[in-house]
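Q: One-letter residues, chain by chain:
2 protein chains.
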Amino acid sequence: MRVWWSLWGFLGVGVAVVCEAALGSYPRLRSASRPDPASASFSRSYRTCYFDQKIDHFGFAEDGKFKQRFLIADQHWRPGDGAILFYTGNEGDITWFANNTGLMWNVAEELGALLIFAEHRYYGESLPFGNKSFDDARYLNYLTSEQALADFAVLVRHLKKTVPGAQDTPAIAIGGSYGGMLAAWFRMKYPHVVVGALAASAPIWQFADLVPCSTFYNIVTQDFRKSGNCCADSIRNSWAAIDRLASTAEGTRWMSCTFRLCSPLKTAQDVANFKGWLSETWVNLAMVDYPYQANFLQPLPAWPIQVVCKFLQRPKLPDKALLKNVFQAVNVYYNYSGNTSCFSLSQTATQSLGMQGWYYQACTEMVMPMCADGVNDMFEPQQWDFQSYSDDCYKAWGVRPRPSWIPTSYGGRNISSHSNILFSNGGLDPWSGGGVTRNITNSLVAVVIPEGAHHLDLRSNSPYDPNSVLQARLLEVHFMKLWMKKDEEYRRRK
Amino acid sequence: MRVWWSLWGFLGVGVAVVCEAALGSYPRLRSASRPDPASASFSRSYRTCYFDQKIDHFGFAEDGKFKQRFLIADQHWRPGDGAILFYTGNEGDITWFANNTGLMWNVAEELGALLIFAEHRYYGESLPFGNKSFDDARYLNYLTSEQALADFAVLVRHLKKTVPGAQDTPAIAIGGSYGGMLAAWFRMKYPHVVVGALAASAPIWQFADLVPCSTFYNIVTQDFRKSGNCCADSIRNSWAAIDRLASTAEGTRWMSCTFRLCSPLKTAQDVANFKGWLSETWVNLAMVDYPYQANFLQPLPAWPIQVVCKFLQRPKLPDKALLKNVFQAVNVYYNYSGNTSCFSLSQTATQSLGMQGWYYQACTEMVMPMCADGVNDMFEPQQWDFQSYSDDCYKAWGVRPRPSWIPTSYGGRNISSHSNILFSNGGLDPWSGGGVTRNITNSLVAVVIPEGAHHLDLRSNSPYDPNSVLQARLLEVHFMKLWMKKDEEYRRRK
Chain A
70 MRVWWSLWGF
80 LGVGVAVVCE
90 AALGSYPRLR
100 SASRPDPASA
110 SFSRSYRTCY
120 FDQKIDHFGF
130 AEDGKFKQRF
140 LIADQHWRPG
150 DGAILFYTGN
160 EGDITWFANN
170 TGLMWNVAEE
180 LGALLIFAEH
190 RYYGESLPFG
200 NKSFDDARYL
210 NYLTSEQALA
220 DFAVLVRHLK
230 KTVPGAQDTP
240 AIAIGGSYGG
250 MLAAWFRMKY
260 PHVVVGALAA
270 SAPIWQFADL
280 VPCSTFYNIV
290 TQDFRKSGNC
300 CADSIRNSWA
310 AIDRLASTAE
320 GTRWMSCTFR
330 LCSPLKTAQD
340 VANFKGWLSE
350 TWVNLAMVDY
360 PYQANFLQPL
370 PAWPIQVVCK
380 FLQRPKLPDK
390 ALLKNVFQAV
400 NVYYNYSGNT
410 SCFSLSQTAT
420 QSLGMQGWYY
430 QACTEMVMPM
440 CADGVNDMFE
450 PQQWDFQSYS
460 DDCYKAWGVR
470 PRPSWIPTSY
480 GGRNISSHSN
490 ILFSNGGLDP
500 WSGGGVTRNI
510 TNSLVAVVIP
520 EGAHHLDLRS
530 NSPYDPNSVL
540 QARLLEVHFM
550 KLWMKKDEEY
560 RRRK
Chain B
70 MRVWWSLWGF
80 LGVGVAVVCE
90 AALGSYPRLR
100 SASRPDPASA
110 SFSRSYRTCY
120 FDQKIDHFGF
130 AEDGKFKQRF
140 LIADQHWRPG
150 DGAILFYTGN
160 EGDITWFANN
170 TGLMWNVAEE
180 LGALLIFAEH
190 RYYGESLPFG
200 NKSFDDARYL
210 NYLTSEQALA
220 DFAVLVRHLK
230 KTVPGAQDTP
240 AIAIGGSYGG
250 MLAAWFRMKY
260 PHVVVGALAA
270 SAPIWQFADL
280 VPCSTFYNIV
290 TQDFRKSGNC
300 CADSIRNSWA
310 AIDRLASTAE
320 GTRWMSCTFR
330 LCSPLKTAQD
340 VANFKGWLSE
350 TWVNLAMVDY
360 PYQANFLQPL
370 PAWPIQVVCK
380 FLQRPKLPDK
390 ALLKNVFQAV
400 NVYYNYSGNT
410 SCFSLSQTAT
420 QSLGMQGWYY
430 QACTEMVMPM
440 CADGVNDMFE
450 PQQWDFQSYS
460 DDCYKAWGVR
470 PRPSWIPTSY
480 GGRNISSHSN
490 ILFSNGGLDP
500 WSGGGVTRNI
510 TNSLVAVVIP
520 EGAHHLDLRS
530 NSPYDPNSVL
540 QARLLEVHFM
550 KLWMKKDEEY
560 RRRK
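For the record, the sequence lines run as chains A and B.
Residue numbering for the first sequence follows the working numbering, beginning at 70 and increasing consecutively.
Residue numbering for the second sequence follows the working numbering, beginning at 70 and increasing consecutively.
For reference, chain A alone in the conformation it holds in the complex:
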């Protein structure tokens, strides 16, 4: 059950951009029209820049710098009137997030916005120690959410100082998933830098004992229950079927062959990995259960769980028949294009998934307890075992996680004294279980999109969007305008 590290790796395929680094100075934009992978009719252009960041904001012995990449688009910017929309990059290549955050492009004109997409340190091209960045715990020592937020704060302040006309422009943080947590935390810790934050599908409470550890898998299971008769039951029954087949060499060979595995199963650990790979597949499907054909983690049809569940209507079939159906289901996720010759257990999302950074973060700050009981959910029973989790982390990185640090640093459930954060959640998204789904105050507002999966609201408008996501986006724009207006009033009063 490796959910804690690989679900979050949304690294995208590289998109060629014009790289015009002019460090320390404001880069003028040159349009480089590129097709939007999601909607070919929508043209976007940005400039790629690099900013000299301190490797360590919180200590002075390490005084080195690294080049943080960020993307900038000012086609619709109205200085003196508009806003800076600042994407708080998460665990991946920033171009991928720029391409999957259509909302920012869609609202740019209405808000007169300067768009900035800032890459998170240790991801994409923003590697503090180049190729050595992941070599050991010493190099990895500066990979924390606090350092990333400090990067963002320094960068926003630099842009406001150096971009002509930007000095009094209010900045708004926007992010999804871990990036959504960063957006919320950015507003909490640096309210003088951003006037508000849109935190989409941000499970800021998926830590310590803030929500039950069972929540996440329960939501995945509900998605499958709702999407087809006996679908969840079929998956629940598959685990024992796998175990029975794995008890003989013939059965193991049969599974390797039937599931077209690139490397055949051999050891008990291989079989465990195989089950982990299946679990992740179901989880990923729940995250990307979008109402239209899309390519986020994988190219997929509209409402992919419904498509998958068509193969999973008969939970009581004999083992091999049941698993043949499971293969058909999995084949939808991994082979929608029809070009995949074999399946690799180490790959559950896009080819260029950058797993190392998130694995390290999960082993330090980002400890999200999860468990399954196989009764209320369709997964193999698994308790949350912090000690073994910590031991695995120590083996992998030589560090031990600190599960109480995130609630200590960012407040856990007690966040009511903050302001101007909009938390959006998809009802289908397993991460909504750890999200803020109810209003806390009149400026800490939650919106739930019942038909939405993982930050559907951040994606480009689509004719297939359910009404709930359109409403959510209207609300999001409403609040952004409200924060801008309040900021203007405040500046006028001063």
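To be clear, the hints were calculated from the coordinates, so they are not data collected in a lab.
The beta carbon of each residue, even a glycine, is placed where N, CA and C say it ideally should be.
A few of these clues could be false.
Stated by the list, open to error - Restraint-style ranges between C-beta atoms, simulated for each label pair:
| id | chain 1 | residue 1 | chain 2 | residue 2 | range |
| --- | --- | --- | --- | --- | --- |
| 1 | A | A465 | B | K230 | 27 to 35 Å |
| 2 | A | N511 | B | H145 | 33 to 41 Å |
| 3 | B | K230 | A | Q451 | 26 to 34 Å |
| 4 | B | G443 | A | Q236 | 48 to 56 Å |
| 5 | B | N536 | A | Q236 | 41 to 49 Å |
| 6 | A | A341 | B | P233 | 56 to 64 Å |
| 7 | B | P233 | A | R469 | 24 to 32 Å |
| 8 | B | G467 | A | F455 | 35 to 43 Å |
| 9 | A | E178 | B | G467 | 49 to 57 Å |
| 10 | A | D312 | B | K230 | 40 to 48 Å |
Claimed, not checked - As a list, the in silico DSS-like pairs of lysine-lysine whose alpha-carbon atoms are at most 30 Å apart:
| id | chain 1 | residue 1 | chain 2 | residue 2 |
| --- | --- | --- | --- | --- |
| 11 | B | K464 | A | K136 |
| 12 | A | K201 | B | K555 |
| 13 | B | K563 | A | K464 |
| 14 | B | K134 | A | K464 |
| 15 | B | K201 | A | K134 |
| 16 | B | K554 | A | K555 |
| 17 | A | K555 | B | K563 |
| 18 | B | K555 | A | K563 |
| 19 | A | K554 | B | K136 |
| 20 | B | K555 | A | K555 |
| 21 | B | K464 | A | K134 |
| 22 | B | K134 | A | K134 |
Given the structure of chain A, go ahead and fit chain B onto it with the hints provided.
A: Positioned in the frame of chain A, the structure of chain B alone reads:
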């Protein structure tokens, strides 16, 4: 002009306390009645404890711990009704602050308060690497305000979890000077840990270009102008007199002798240090210009600047006559007890001044620009020269200061989205120039005590207190009660 590091060192004489360390568990209090050095009629007792803190809250490669000292007093605590008053320790021995923060002892009964005085890392006994803590920049790397605030947050949460009945007790941060900045920043960064903060004489704006660099010395000069005829003029004229005398060997010898210097002046650098020592003396007098006899930096009479100024009424005397008077003035500050045989230039405040830590902090985060022009103030003209400041720091510690980090981290003048902070300032205190002296919102409130020097309001009640400080203390208690009440209402609504 070494103001940036030595003005803040309020290390006190050690007071014998019963040390009953019970790590990780709640220590039961044993009364150890001790006389209050300021007011013998008031008896105080506390227990000394030590808490295991992470050396590095913001990285995982260094996983070591150190013992943070804190003092606890629960004589007046009413669990379920009262508050935790938490002193955010600054650059010195925490027992000294406990003894010089009479306010907390005075209000404990009224607020049903559990008193905690937490020592700042790298001061007093709370040394992360023991005797090696100051050896080099690697050991010093964890001496930052952010690490200190994280210590406080972890400690408060630990106490609330482990002290029976404290779970729902609201904590209020209280501090003076750098400790006042920490109290304010604690509320800003960890509003889920403390419901409010009293930031006394906290110059949170004495950074970067937030206030003119001349402010500080202007206020010192005003204090001397107000306290005696021609007093400031006499001091202003003394610099040139020193220079003229220093131009001959005889004159230099005469000054060493007249000022009873332990080490006679020899080089030009010695003469510069001599002038720096005099400047610091005038500055320190402005900080401790209290209305009654007190022993804070030094044992002193009531309104010590008035006493000093009696010797400084004739600014146009010949050089030696003028400097003889300056000596008489200085003698008030360094020799009020009459027992000092010679004066050391390296010592401007209490014997046990812990200068190293603050010197390092001034060379990293705590860069407070100061300048003098000798016209509007009584000091030798000196520009703010960041480059030479930085070079000196590099020579001393191998690190360079980052003057824009504090405003980036803590918001500079843009702090209006925070709440529940009361900023108190003394009108006589040179640090009030960098303080918040006007209300920002109805929950970011400023109070000025015109007749107050450096955090007079934090001291014990005295019959000689001016009315303004009594009013300020009433306001402080009013706001603490308000924060407690609001917190109770919030908890009841939940």
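Q: Each of the hints needs a verdict: does it hold here or not?
A: Going down the list of hints, with the structure as the test:
For A465 of chain A and K230 of chain B, the hinted distance range of 27 to 35 Å is satisfied, since their beta carbons lie about 30 Å from each other. The given range of 33 to 41 Å is respected by N511 of chain A and H145 of chain B, whose C-beta atoms sit roughly 38 Å from each other. Range check, K230 of chain B to Q451 of chain A: about 28 Å between beta-carbon atoms, so the 26 to 34 Å window is met. A beta carbon spacing of about 35 Å between G443 of chain B and Q236 of chain A contradicts the range 48 to 56 Å that was offered as a hint.
Judged by the Cβ atoms, the range 41 to 49 Å given for N536 of chain B and Q236 of chain A holds: they are separated by roughly 44 Å. At roughly 45 Å, the beta carbons of A341 of chain A and P233 of chain B sit outside the given window of 56 to 64 Å. In this structure the supplied range 24 to 32 Å holds for P233 of chain B paired with R469 of chain A, their Cβ-Cβ distance being about 30 Å. Taking 35 to 43 Å as the suggested C-beta distance range, the pair G467 of chain B and F455 of chain A conforms, at roughly 39 Å.
Remark: the range hint 49 to 57 Å for E178 of chain A to G467 of chain B is upheld by a beta-carbon distance near 51 Å. About 42 Å separates the C-beta atoms of D312 of chain A and K230 of chain B, a value consistent with the hinted range of 40 to 48 Å. Among the hinted pairs, K464 of chain B with K136 of chain A is consistent with the structure: their alpha-carbon atoms are about 28 Å apart, no more than 30 Å. At most 30 Å may separate the alpha-carbon atoms for a hinted pair to count; K201 of chain A and K555 of chain B exceed this at roughly 51 Å.
Between K563 of chain B and K464 of chain A, the direct Cα distance comes to roughly 42 Å. Violation of the 30 Å bound is thereby established for this hinted pair. For the suggested pair K134 of chain B and K464 of chain A, the alpha carbons sit about 21 Å apart, so the restraint of at most 30 Å is met. A C-alpha spacing of about 28 Å is found between K201 of chain B and K134 of chain A, which places the hinted pair at or below 30 Å, so the restraint holds. Between the alpha carbons of K554 of chain B and K555 of chain A the distance comes to roughly 28 Å, so the proposed pair stays at or under 30 Å and holds.
Straight-line distance between C-alpha atoms of K555 of chain A and K563 of chain B comes to about 28 Å, which keeps the hinted pair within the 30 Å bound. For the hint linking K555 of chain B to K563 of chain A, the alpha-carbon distance of about 28 Å falls within 30 Å, and the restraint holds. At most 30 Å may separate the alpha-carbon atoms for a hinted pair to count; K554 of chain A and K136 of chain B exceed this at roughly 48 Å. Of the pairs offered as hints, the one joining K555 of chain B and K555 of chain A holds, with about 25 Å between alpha carbons and a cut-off of 30 Å not exceeded.
With a C-alpha separation of about 21 Å, the suggested pairing of K464 of chain B with K134 of chain A holds against the 30 Å cut-off. The suggested pairing of K134 of chain B with K134 of chain A holds, with an alpha-carbon distance near 28 Å, which does not exceed 30 Å.
Taken one by one, the earlier hints fail for this structure at numbers 4, 6, 12, 13, 19, listed in ascending order.
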